[in-house]
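As a plain string of letters, each chain reads:
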Amino acid sequence: KAGVTQTPRYLIKTRGQQVTLSCSPISGHRSVSWYQQTPGQGLQFLFEYFSETQRNKGNFPGRFSGRQFSNSRSEMNVSTLELGDSALYLCASSENGERGETQYFGPGTRLLVL
Amino acid sequence: EDKVVQSPLSLVVHEGDTVTLNCSYEVTNFRSLLWYKQEKKAPTFLFMLTSSGIEKKSGRLSSILDKKELFSILNITATQTGDSAIYLCARAGGTSYGKLTFGQGTILTVHP
Chain F
1 KAGVTQTPRY LIKTRGQQVT LSCSPISGHR SVSWYQQTPG QGLQFLFEYF SETQRNKGNF
61 PGRFSGRQFS NSRSEMNVST LELGDSALYL CASSENGERG ETQYFGPGTR LLVL
Chain S
115 EDKVVQSPLS LVVHEGDTVT LNCSYEVTNF RSLLWYKQEK KAPTFLFMLT SSGIEKKSGR
175 LSSILDKKEL FSILNITATQ TGDSAIYLCA RAGGTSYGKL TFGQGTILTV HP
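These protein sequences, in sequence, are chains F and S.
Counting from 1, one number per residue, gives the positions in the first sequence under this note's numbering.
Counting from 115, one number per residue, gives the positions in the second sequence under this note's numbering.
These are calculated hints, taken from the structure and not from any lab test.
Ideal Cβ positions, reconstructed from N, Cα and C, are used throughout, including at glycine.
Hints may contain errors.
Under 10 Å between C-beta atoms, here's a sample of chain F residues computed to sit facing chain S [as the list claims (entries may be wrong)]:
1) A2
2) Q6
3) P8
4) R9
5) Y35
6) Q37
7) L43
8) Q44
9) F47
10) Y49
11) L88
12) L90
13) G97
14) E101
15) T102
16) G106
The following block holds chain F by itself, in its conformation from the complex (with noise of 0.2 Å):
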C-alpha cells in the first residue's frame, strides 16, 4: 500500500497570507490527524477527522482549520499566517482514530513564513 502523502513539501509564505495543505491517507484509512512540529514546542495536535467530521481539536486558535473529503483525504488551512506558525506540518492516518490504533505519518509540509 502506498504510505502517507502530503502536498506541497516546502511553502513559503509572507505574514498576513493564508495557506492550505494536503493530505492523502493510505488507502482504506478513514481518521486523519494532523500535528505542528517545531523546535520549542515538539510535536503538537491540531485537529483529527472521520468521515468528514472534526471529532477532536487540540489547543490552536481559530486560524487554523481542516476538512476532509468523503475519499478521507484531508485539507488544512492556517488564515493570517504569522511567524510563529512556521513549522513542519504532520499529517497521521489511521483505520478508524481509536485510541490505540498506531498512526502512520506522511513526510510533512515544511512553512516558512517570513
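Fit chain S to the known structure of chain F by using the hints.
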C-alpha cells in the same frame, strides 16, 4: 493535561554501543504507548505497547512497558550510524480520538 517525558534529551555514542531511551507518562485513561523514529521528515513507526512486561523486538531494537511504574524503555544494541535520529514516544489514551501526546524526543547521534 496528559504529559509524556523523555530522557535523555540527547545522547552521543559510538558505533557498537548499546543505548537505553526512557519515556514516562501520566496514567489517565491510558491505552497504549508508541515509539517512532524520525530522521529527516516523517516519523516512522517502531513499536506499540499496550501490555505491561511484554517485550517487543525488531532486530536490534526492543521495547518494554511498565504500567505500574508508568514508563517505557527503548533499547538499541550494537548501534550503527544509521540509528542516528530523533526517537519519539507518544501516548494514546484519554477520551480523545486520533490524538497522540508526544514527548520532547531524544536526539541520538551515533559516531563511527
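Checked hints:
The beta carbon of F/A2 comes no nearer than 13 Å to any beta carbon in chain S, farther than 10 Å, and the hint placing it at the interface is violated. For F/Q6, the interface hint holds, since its Cβ comes within 10 Å of a Cβ in chain S; the closest pair sits about 9 Å apart. For the restraint placing F/P8 at the interface with chain S, the shortest Cβ-Cβ distance is roughly 13 Å, beyond the 10 Å limit, so the hint is violated. About 8 Å separates the beta-carbon of F/R9 from the nearest beta-carbon of chain S, less than 10 Å, and the hint is met.
Look at F/Y35: its Cβ gets to within about 8 Å of chain S, closer than 10 Å, so that hint holds up. The beta carbon of F/Q37 is positioned within 10 Å of a beta carbon in chain S (closest approach about 9 Å), and the interface hint is therefore held. For the restraint placing F/L43 at the interface with chain S, the shortest Cβ-Cβ distance is roughly 4 Å, inside the 10 Å limit, so the hint holds. Interface restraint check: F/Q44 against chain S, minimum CB-CB distance 8 Å, threshold 10 Å, status holds.
The criterion of a C-beta within 10 Å of any C-beta in chain S is met by F/F47, whose closest approach is roughly 8 Å, and the hint holds. The criterion of a C-beta within 10 Å of any C-beta in chain S is met by F/Y49, whose closest approach is roughly 8 Å, and the hint holds. Taking 10 Å as the C-beta cut-off, the interface hint given for F/L88 holds, the closest approach to chain S being about 7 Å. Contact between F/L90 and chain S, as hinted, is supported at the beta carbon level, the nearest pair being about 7 Å apart and thus within 10 Å.
With a cut of 10 Å, the hint placing F/G97 at the interface with chain S holds, because the nearest CB-to-CB distance is about 4 Å. Against a cut-off of 10 Å between C-beta atoms, the interface hint on F/E101 holds, since the closest Cβ of chain S lies about 8 Å away. The criterion of a C-beta within 10 Å of any C-beta in chain S is met by F/T102, whose closest approach is roughly 5 Å, and the hint holds. Hint status for F/G106: holds, given a least beta-carbon distance of 6 Å to chain S, under 10 Å.
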